[in-house]
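Colleague: Given only the sequences and the hints, what does the whole structure look like? Please build it.
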Amino acid sequence: MNSDPYFGFIFAAYAVAATVITAMIVVTLFDYRSLRQALDRLSARTGRSAED
Amino acid sequence: MLNPANPSDFLRLAKGVIPAAAIVTAILLAIGLYLAFFVAPADYQQGQTVRIMYLHVPAAWLAMFIYTVMTGSAFGTLVFRHPMADAAQKAAAPLGAGFTFICLVTGSLWGKPMWGTWWVWDARLTSVLVLFLIYLGLVALWQVIEDPGKAARLAAVFTLVGAINIPIIHFSVVWWNTLHQPASVFRIGGPSIAPSMLWPLLIMAVAFTFLFITLHLMAIRNEVLRRRLRRLSMLAASASDRPVASVVPEPAR
Chain W
0 MNSDPYFGFI FAAYAVAATV ITAMIVVTLF DYRSLRQALD RLSARTGRSA ED
Chain X
0 MLNPANPSDF LRLAKGVIPA AAIVTAILLA IGLYLAFFVA PADYQQGQTV RIMYLHVPAA
60 WLAMFIYTVM TGSAFGTLVF RHPMADAAQK AAAPLGAGFT FICLVTGSLW GKPMWGTWWV
120 WDARLTSVLV LFLIYLGLVA LWQVIEDPGK AARLAAVFTL VGAINIPIIH FSVVWWNTLH
180 QPASVFRIGG PSIAPSMLWP LLIMAVAFTF LFITLHLMAI RNEVLRRRLR RLSMLAASAS
240 DRPVASVVPE PAR
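Chains as they are written, first to last, in numbering that gives the first Met the number 0: chain W, 0 to 51; chain X, 0 to 252.
Heads up, none of these hints are tricks.
No more than 25 Å apart at the CA atoms, straight line, and that leaves these computed lysine to any residue pairs for SDA-like: (1) X/K111 / W/S2; (2) X/K111 / W/A11; (3) X/K14 / W/Y31.
FRET-style restraints, in silico, Cβ to Cβ: (4) X/L77 / W/S33: 26 to 36 Å; (5) W/G7 / X/L77: 43 to 53 Å; (6) X/V173 / W/R40: 48 to 58 Å.
Please keep in mind that the hints were generated in silico from the structure rather than gathered at the bench.
Idealized CB from N, CA, C, for every residue including glycine.
Modeller: Right under this line is the structure:
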């Protein structure tokens with residue numbers, strides 16, 4: 000397949016898709032981690048459980 | 000029994016479902032990519048370029064499917080005023096934008112070698128671009144309105160108005176003369192693709208759907224936590240205000 004004249008187009012399509020999907024996963028995970036940390040900090044300060 | 004419409008129950012349910020959905024996604028993606036690259040043949044006209052189809056078509060299906068999910072959530076917001084419907088709608092919009100972006104870029108990268116152009120302003124391509132702009136508009140709407148309830152209602156109305164674009168995208172290749180090919184999987188008379196190409200395509204479509212389900216559940220969980228953080232912050236702020244209020248002298252009578 001590497002010798003295909005349009006290999007660059009195929010590679011670019013998969014590279015773009017992988018990048019966008021990875022970005023969506025990373026952003027969602029990072030958001031979750033920061034929210035969890037903020038909730039933990041708040042519950043430590045107020046003594047109120049974050050699960051309330 | 001756990002009720003997924005209850006935020007606390009949803010968090011408990013998500014804890015078990017998200018890892019399971021992620022594992023199913025990874026397995027299906029691995030099988031789909033293996034079939035797409037090592038089992039499916041090259042097309043007799045398009046050659047190896049047809050392998051872009053295994054990304055482009057599932058992304059296009061998801062772009063429309065996610066908007067349909069958001070339309071259902073918009074009904075939940077406007078009719079039942081359910082906070083989980085707001086969260087589901089808000090969580091889906093960036094994912095819809097992401098998959099629509101993949102659809103547009105892979106379509107362009109497929110179009111250049113096959114059609115000789117990166118882009119044409121035909122009905123299918125333009126209506127998908129409009130869908131992408133609607134997704135971006137919804138993401139922006141959620142960002143600029145501070146009150147989550149008001150943002151949810153406005154976004155729900157905007158989503159329902161934008162839903163008219165979904166049948167336009169679907170039937171654009173039937174209603175107008177377009178450079179884009181007509182439907183070749185879901186059509187009267189059955190799929191026109193050879194089974195050796197159809198199966199990898201269907202498996203990739205299911206894999207993408209599971210990827211969306213996983214990411215959507217994760218994003219809804221984030222929304223539930225964000226609302227909890229907002230509520231607790233407001234409670235903490237009002238609690239810290241109380242002692243201060245008690246030392247403020249009463250106004251002179």
